[in-house]
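Heads up, my numbering is the position in the sequence shown plus 5, with the first residue counted as 1.
Think of the hints as simulated: they come from the structure by calculation, not from any bench.
Be careful, since some hints might not be right.
[Said to hold, decoys possible] Below, simulated EDC-like cross-link-like pairs (lysine to aspartate or glutamate); rule was C-alpha separation at most 16 Å, straight line: (1) Lys67 to Glu171; (2) Lys142 to Glu87; (3) Lys67 to Glu87; (4) Lys57 to Glu30; (5) Lys243 to Glu254; (6) Lys67 to Asp140; (7) Lys229 to Asp29; (8) Lys240 to Asp228.
[As the list claims (entries may be wrong)] Cβ pair distances, simulated, as ranges: (9) Arg162 to Ala242: 43 to 49 Å; (10) Asp161 to Gly203: 23 to 29 Å; (11) Leu163 to Glu49: 23 to 29 Å; (12) Asp122 to Glu49: 19 to 25 Å.
Cβ atoms here follow ideal geometry from the backbone N, Cα and C, with glycine treated the same way.
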Amino acid sequence: MKPGPSITRLLASLLFAITAAHADEVSVAVAANFTAPLKLIAAEFEKDTGNKVLASYGSTGKFYAQITNGAPFQILIAADDETPARLVREHSAVADTQVTYAIGKLVLWSAQPGLVDNAGAILKSGNFAHLSIADAKLAPYGAAAVETLRTLGLYDRLTPKVVTAENIGQAYQFISTGNAELGFVALSQVLKDGKIEGSSWLVPQQLYRPIRQDAVTLSGAKDKPAVAALMNYLKSAKARTIIQSFGYELP
Numbered sequence: 006m007k008p009g010p011s012i013t014r015l016l017a018s019l020l021f022a023i024t025a026a027h028a029d030e031v032s033v034a035v036a037a038n039f040t041a042p043l044k045l046i047a048a049e050f051e052k053d054t055g056n057k058v059l060a061s062y063g064s065t066g067k068f069y070a071q072i073t074n075g076a077p078f079q080i081l082i083a084a085d086d087e088t089p090a091r092l093v094r095e096h097s098a099v100a101d102t103q104v105t106y107a108i109g110k111l112v113l114w115s116a117q118p119g120l121v122d123n124a125g126a127i128l129k130s131g132n133f134a135h136l137s138i139a140d141a142k143l144a145p146y147g148a149a150a151v152e153t154l155r156t157l158g159l160y161d162r163l164t165p166k167v168v169t170a171e172n173i174g175q176a177y178q179f180i181s182t183g184n185a186e187l188g189f190v191a192l193s194q195v196l197k198d199g200k201i202e203g204s205s206w207l208v209p210q211q212l213y214r215p216i217r218q219d220a221v222t223l224s225g226a227k228d229k230p231a232v233a234a235l236m237n238y239l240k241s242a243k244a245r246t247i248i249q250s251f252g253y254e255l256p
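Start from the sequences and build out the full structure, keeping to the hints where you can.
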């Protein structure tokens, strides 16, 4: 015999109450390039599990310094695979939790239509005043941008035009506000509904090392069920669909 609608609603409300009672908060340090995807993933995670994500966004290098100085983050969602591995080696993160959740793509972007062509020829012409790049010491996308310029043999010539941003989010801000005519950002920052406004050049993969982006559980949170739940959720079909929609490759 099937339960009636009123009993079904009662069971659903009881299940929600039980879930809410066991809900927890997860403190996450998130690489700036992953801001938009993580916000969507966090909303779905909260809806599906009742657990809440408390996210801070910034440069991977800066988060490393904060974590090693005792910042109470529970998960690092980095823009590289080296920083999580380093934290594991230093016993600040849990070794068997490190996972590649996305592979990032670098793009030369301008808010101005027609400024950047699909071969990035403007870099060779140098017909611009400012080129925004995230700090290569702190931001993996900044390091990829510098590597690209070196591979092209343009680094020394263009260095006087470079405007260094603290992270990839600030690099995007410099370009979108016109403080720099163009710059290197993550594809995920400028891809909206499958299109890129302004003008852009998707940097060929052979010009820089693959940007493998890893997440890892930090040592102080290794026994937290909500933390493990979010780490698993990053590998779920729902999360992977969101990640892919922002132009990332999946591992």
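Here is what the structure says about each hint:
1. Lys67 to Glu171: Status holds; Cα separation ~9 Å.
2. Lys142 to Glu87: holds (13 Å)
3. Lys67 to Glu87: Judged against 16 Å, a Cα distance of about 14 Å means the pair holds.
4. Lys57 to Glu30: holds (5 Å)
5. Lys243 to Glu254: Distance ~15 Å between Lys243 and Glu254 Cα, so the pair holds.
6. Lys67 to Asp140: holds (11 Å)
7. Lys229 to Asp29: holds (9 Å)
8. Lys240 to Asp228: Since the Cα atoms of Lys240 and Asp228 sit roughly 19 Å apart, the hinted pair is violated (cutoff 16 Å).
9. Arg162 to Ala242: 43 to 49 Å: holds (46 Å)
10. Asp161 to Gly203: 23 to 29 Å: At roughly 27 Å between Cβ atoms, Gly203 and Asp161 fall inside 23 to 29 Å, so the hint holds.
11. Leu163 to Glu49: 23 to 29 Å: violated (41 Å)
12. Asp122 to Glu49: 19 to 25 Å: 37 Å Cβ-Cβ, so the 19 to 25 Å window is violated.
In summary, the structure is inconsistent with hints 8, 11, 12 from the numbered list given earlier, while agreeing with the others.
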